[in-house]
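Asker: Those protein sequence lines, which keep their order, are chains Z and E. Mapping of the first sequence onto the working numbering: residues 788 to 1432, in sequence order. Mapping of the second sequence onto the working numbering: residues 788 to 1432, in sequence order.
Hints were generated in silico from the structure; no laboratory data involved. A few of these clues could be false.
In this list, chains with the same sequence are indistinguishable; a pair is considered to hold if it fits within one copy or across any two.
In silico lysine-lysine, BS3-like type, Cα no more than 30 Å apart, as pairs [said to hold, decoys possible]: (1) K846 to K991; (2) K991 to K799; (3) K1311 to K1016; (4) K799 to K846; (5) K1136 to K1177; (6) K799 to K942; (7) K1331 to K1016; (8) K1331 to K1238; (9) K1311 to K1252; (10) K991 to K1024; (11) K1136 to K966; (12) K846 to K966.
On a predicted model such as this, the values are computed, not experimentally measured, just so you know.
So you can see what is in the structure, the chains are spelled out below.
Number of protein chains: 2
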Amino acid sequence: MKGCGETVYGAKIGGGFWSAFRETAVREGIPYQWRALNDAVAGAEPSHCMHNFRVAAGKEEGGFGGFIFQDSDVAKWLEGVAYSLRWRPDPELEAVADGAIRAVVDAQQPDGYMDTYYIINGLDRRWTNLKDNHELYVAGHMIEAAVAYYRATGKRVLLDAVIRLVDHIDGVIGPEAGKIPGYPGHPVIEMALMRLYGVTGDPKHLRLAEYFVRQRGQSPLYFEQEDEKNGNAFYWKDSVFRYQYYQAGRPLSEQADAEGHAVRAMYLYSGAADVARETGDAALAETCRRLWDSAVRRRMYVTGAVGSSEYGEAFTFDYDLPNDTVYGETCAAIGLVFFARRMLALEAKGEYADVMERALYNGVISGMQLDGRSFFYVNPLEVVPEACEKDQRKRHVKPRRQPWFGCACCPPNLIRMLASLEDYVYSADGQDAFVHLYAAGSVEMELGGAKVRLAVDTDYPWDGKVDLRLEMDGPAAFALNLRVPGWCRSWTLAVNGEACAAELADGYAALRREWRDGDRVELKLDMPVRLVRANPRVREDAGKVAVMRGPLVYCLEEADNGGDLHLVRLDGVRPEDFRADWRPDKLGGIVELTGPGVRETDAGWDGALYAADIPVETRPARLTWIPYYSWANREPGEMRVWVRA
Amino acid sequence: MKGCGETVYGAKIGGGFWSAFRETAVREGIPYQWRALNDAVAGAEPSHCMHNFRVAAGKEEGGFGGFIFQDSDVAKWLEGVAYSLRWRPDPELEAVADGAIRAVVDAQQPDGYMDTYYIINGLDRRWTNLKDNHELYVAGHMIEAAVAYYRATGKRVLLDAVIRLVDHIDGVIGPEAGKIPGYPGHPVIEMALMRLYGVTGDPKHLRLAEYFVRQRGQSPLYFEQEDEKNGNAFYWKDSVFRYQYYQAGRPLSEQADAEGHAVRAMYLYSGAADVARETGDAALAETCRRLWDSAVRRRMYVTGAVGSSEYGEAFTFDYDLPNDTVYGETCAAIGLVFFARRMLALEAKGEYADVMERALYNGVISGMQLDGRSFFYVNPLEVVPEACEKDQRKRHVKPRRQPWFGCACCPPNLIRMLASLEDYVYSADGQDAFVHLYAAGSVEMELGGAKVRLAVDTDYPWDGKVDLRLEMDGPAAFALNLRVPGWCRSWTLAVNGEACAAELADGYAALRREWRDGDRVELKLDMPVRLVRANPRVREDAGKVAVMRGPLVYCLEEADNGGDLHLVRLDGVRPEDFRADWRPDKLGGIVELTGPGVRETDAGWDGALYAADIPVETRPARLTWIPYYSWANREPGEMRVWVRA
């Protein structure tokens, strides 16, 4: 099966849902994080980030501070800045970023090495703990930043530095005699190298990425040898997953299920999908499909969250999807978007875009407060604030988002995701253009030999109507493949005002014809409320439904509906019983749903705990549903996605 | 309100449900544990117990082995032996126990001190960590053993030893200047001292018990001072409960809720109830009632299990009763029986006896395999074996009982509970006799001036018919108070074959009349199946029912019903739809229930994880229910108490 073509760089997102969201994220996040990197946030612990680079460069006295992977915060910030500069030019910010890049490059060693922890603490210990010490993780993020900054600005300073870094890594790690036959404990460098290969075309970069994907988990196990040789501790020794925490218990080709730390899994699978596509390796592609199926068809929440367990921030087992003790890290949902986008490149199937959309509109952006100032690591589907305080099983679940400086991982990841969103919307291969997501904006592509500008106008996800207009320098024949989301059961297409039947293949309506300048396409996706059930094997959702409309998962919040949400039942409510109203002043503007339901009362209980003869009493309830991503933006209270049917 | 009078010692249990159960427990457990105490169990880690006493007495070389509270295992064993000797005379066993007592007493110090850990490791450190080092806990259990052994055999060796021990404690700990103003981190000595007071009548013993109950949690906090002075660690510093882990965060009179470690809570409240009754302190009685209400009306499982959380083996908060991650330690349910029995002594209300019965027939005996050879610490109400292996939240939950030597706490506690069960059945105060539990057997009491022998014949809990016969040396007027369980909605009484109306006061039918030798009373308690619901505030049980019959909670097990029990629904099944059949060959002989239900199928799902348009399909199911206590006696599989209604 054919992939969806190449990412179309240079697309625009303008107006609509995403514009406001990412404007907030960038406006609040980028300057805030720069202050954090420079230890200038009042009341926050110092991050030591830029300090570490200056110490490593010999320009400042002191020791290394922060986590062993502290450098990656600078890389993620730079990557986010790079993406934002493409649609939000800011010469002042660019100058600051150039300065940060100089500081990073100043610390680089003559041999190309670039990790300040080891530069400061002793280079003799570098590469002795690939399992836990994150050198390749930091390198991976630095590579991603360099490629993004080069693509956005054309500036090569950081790009050239990471090319030297990769040369160094390639000299130290690899299958050849005398090299370390290792791979990273925390993947990311695999997809980073593939991005680098995308700008350099250097086969060495592809080869190294491929090596990391294939060497992982080979016997004898490098991590075991490394632990033994260097006396490293093995934290997960007695855990269920052991080396599968790192997805390194056996070769990827022998891994049947999504296991271990969810973010690491998503990053690794993303890199593997990149490699599979680039090398045309059918077996590796099949491995990616198998891991996709495990992660998405048996281990994913309805919000696109992955990672059921706080222990190890990890996957557990098939259909184990507890709503209240879930981990569902924001970064893991972002990783799932990465993975989905790469599977789409491998084969143009709507299933991948559906998951990408599901995660983006729900489990990813739920991570950010609407004001862009606080963040969730953990994205639960059911919250009772009292339990988060008093139940040890739920202490990782927070009923309100935490300020930025409390965490260094998810917020910058969210920013780089949102700031680069246009790269996920379109793809093309010269003959076929794909629209994967619907966002107001435009894109320019070379199609059928013509230069085509496609302008999109839509209120998606609030409304299912999408207007597309083509501006061309001459007529040309090509296929416009418009995604019809898996959730959509009824849709129409019109070209220049005339209804038009299009074949639906693998989730895309293909309009293959000769197009002319000014052609208009109108896609109407019916967007009724849906009462979604989970597969019967999902124990925690038995007898329950989730309310969805379009790509959005809805939830009940105490602020609208009172507490004790476990007492709410829908009792045969049908989708057509719901109203959908645009509420511009609520939660940044949402389509709110209201509908009937009942609420069990405690009539007759009078303090009893168990009884056989107290009938269940209910009273009618008018329920108000808000998009899941917008929860916890008012006073803290209960929230629930899955409601008793 | 009046209490239920004094425990009638010397009652007999003969035949029926309990005889077999406790015969098994004692026959298997007592010799096994004696071998364990002497490090003679092949394949088991040595317990070091008797060795420690010999080392402490200077009769053997070596160091201290085992937990800091290792001596308490010997005490619990002696207590169980003592109770068993009352109904299962065994001169050989008694001689062994006498020998063990000699070993214990040989290790006692000239000043009366008795803890081998400190005798071996240095007496200079004794009494420096009352919070965690269990000296008073060990002393408490030794006192309980001594009183039980004295009552059973009339032998005073251990009794005299613990009286000297208490003298020593009284000289070191107390409110007077120069003494340590402390109390035990793990209660038990409070109720032990009250038992001791019951045989000695020495006001010092009452006073010390009272001191421990009242001093606990007074400001300044002794545990804080002790930690500071002696540099002790405080493991629960960052926990939700802090000093309330030990029920010592504030005085008992200011504690509104059952909090912290559940076994400690139950033992402490039991001692407090003893003190309240003996001193007639109305405020302390009110405190006991308040803590009772919290533990039993808002924090108790339908099985009588208490302690919702594995973290701290502790209570959590009101109505937080997760069925799958519950702790529900066997010892905590036993502690609840202790507490209930003492509340009954404080006031003769059926509610206390109801809870005592609920715990005994469900959450207590579920702790023991039917063959008496393996045990549960944790008593879950919902088990999926795969989750116990793969879900970190459930790794404390075991789908099969563990062999004795794996744990030293619950098994001997179960034995002493079962071996002393007759002490929980009757009470009397010379004018009023109470029958709290129905068990085949007999008791002799002095009532209305006459010597009365009451013989009870019943198949309870399988059948609700109870025949009582009075043998007397002459006519006498007194009240026979027969408990009518709270679950019973319809019952009849007949005296000498004639129906008789009796007033029901606080859960007891009072038959007040002049009785004659040979009088027969027949109590018939209707015992239909009941579909029990939990208070609507219990989130985990919303929309579910538990099946009960008489005092027994029933459950579904995979061995009878297949797996995926979350897919079972009762769908309007009524109690009268169930059949109850005596199955002598199943699980040691049970009344099995069978009834209709439905099972959701996965028809139409075809591997999908979420869908809006797949209708819920069901097929009829014939369900087989077994008593909860008998679960996990066949091949491991799923089990579930609360089933979707």
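Asker: Indicate, hint by hint, whether the structure satisfies it.
Answerer: Against the structure, the hints:
1. K846 to K991: This pair counts as neither: shortest intra-copy Cα distance 33 Å, inter-copy 75 Å.
2. K991 to K799: neither (33 Å within a copy, 86 Å between copies)
3. K1311 to K1016: Neither, since 62 Å and 75 Å both go past 30 Å.
4. K799 to K846: Intra 41 Å, inter 88 Å, cutoff 30 Å: neither.
5. K1136 to K1177: neither (45 Å within a copy, 32 Å between copies)
6. K799 to K942: Classified as within; 21 Å inside a copy, 93 Å across copies.
7. K1331 to K1016: neither (52 Å within a copy, 55 Å between copies)
8. K1331 to K1238: neither (50 Å within a copy, 63 Å between copies)
9. K1311 to K1252: Within one copy, since 4 Å is at most 30 Å while 72 Å is not.
10. K991 to K1024: neither (35 Å within a copy, 53 Å between copies)
11. K1136 to K966: neither (40 Å within a copy, 79 Å between copies)
12. K846 to K966: This pair counts as neither: shortest intra-copy Cα distance 32 Å, inter-copy 62 Å.
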